[in-house]
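To get my numbering, take the position in the sequence shown, counting from 1, and add 13.
Hints in this document: simulated from the structure, not taken from any laboratory. Beta carbons: idealized from backbone N, C-alpha and C, even for Gly.
Simulated restraints on C-beta separations:
(1) K115 / K87: 13 to 23 angstroms
(2) N60 / V220: 43 to 53 angstroms
(3) I45 / S164: 27 to 37 angstroms
(4) K169 / E85: 45 to 55 angstroms
Dumping the calculated EDC-like pairs for lysine to aspartate or glutamate here, alpha-carbon to alpha-carbon at most 16 angstroms:
(5) K368 / E342
(6) K375 / E118
(7) K64 / D38
(8) K288 / D248
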Amino acid sequence: MIKFAILKKKQQMLGRLQIIKQRFDEVSDLIIQPDIISDQKRYIRLNKEYKDLKNIFDKGEAYKIVLSRIDEAKEIIDDGSDKDMVEMAQLQLEEATEKLGKLEEEIKFLLIPKDPEDAKNVIVEIRAGTGGDEASIFAGDLYRMYTKYCSDKGWKTEIEDVSEGTSGGFKEIIFSVSGADVYGDMKFESGVHRVQRVPQTETQGRVHTSAATVMVLPEAEEFDVELKTSDIRVDYFCSSGPGGQSVNTTYSAVRLTHIPTGLVAQCQDQKSQHKNKDKAMKVLRSRLYEQELEKKLAEDSAKRNSLVSSGDRSAKIRTYNYPQGRVTEHRIGLTLYDLSNIINGDIHKIVEELKLAENAEKLKESGEVF
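Could you put the whole structure together from the sequences, leaning on the hints where they help?
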């Protein structure tokens, strides 16, 4: 009975891998066709599919090689005529069986349907919440945490707009992140981040609780969102620094208002009016795109309850407790006593645990059995 179950599992896996190979061959042929290359939107989509399929295809080929080694080792053991060969075959069988189990797990998760947005670059918006100056300082801490994390991942960050706090940090900071599969990792950061510590201005040594809100938007390409010029009101104004002090006597700062939705995006980071308008347009486009994604999430009852649903931005997702050196990720009940490293950008373990939880959730929803 057990042997039959193992055989059935192997046949199911090979069957899925064969379907993947057929689609991989098909996409490999499509992406070199002139009519596909000339259609930018379709070419980008197929090129992304090609890369995803290649990962599964390569693992599948490795899986088949391991299966052949297992069959080969079993034949030698069943023959039993050469004791030295049998001993070597038993070692090969043990190693190959262990490797097979790992490959099956890797392939199983690779076969989970991916969020098509995961490969996108992102716009990150951090806003100081409750807590006054301390909330602004904490927003600055989060910004540094993310820029260090992004640097470690080899991603590029660029400030889009900033409003500095009166005692340090930021009332609001918006920055873009570009690189490989950025949204796939950064999407988990959307929500309310809470900090518990003694503020610099606290004379009694009491622990205060402050908060900052993080929003991670997948960056929209021009063909993702159609923006009509007639739907956008453009306002130009002088850039200003902390306390309203004028730092720019020319009208280089730009504010864009999308009239149908009321969404606003502005940028005053650059000296050039043209560059500020381009940056504000990028942020506005991404906000509109994220709004459409939110509607899709609301229509999907399974996704609506998932870890990464952007529907409830008021949800408290993480607490950074300085007195205890503790970080708690509330969505999955993960507690790490490594606050100093985490706030310095080492959020890799938190992100990986969230991804594992999301994959397990998707696997359960898909009902796939191998």
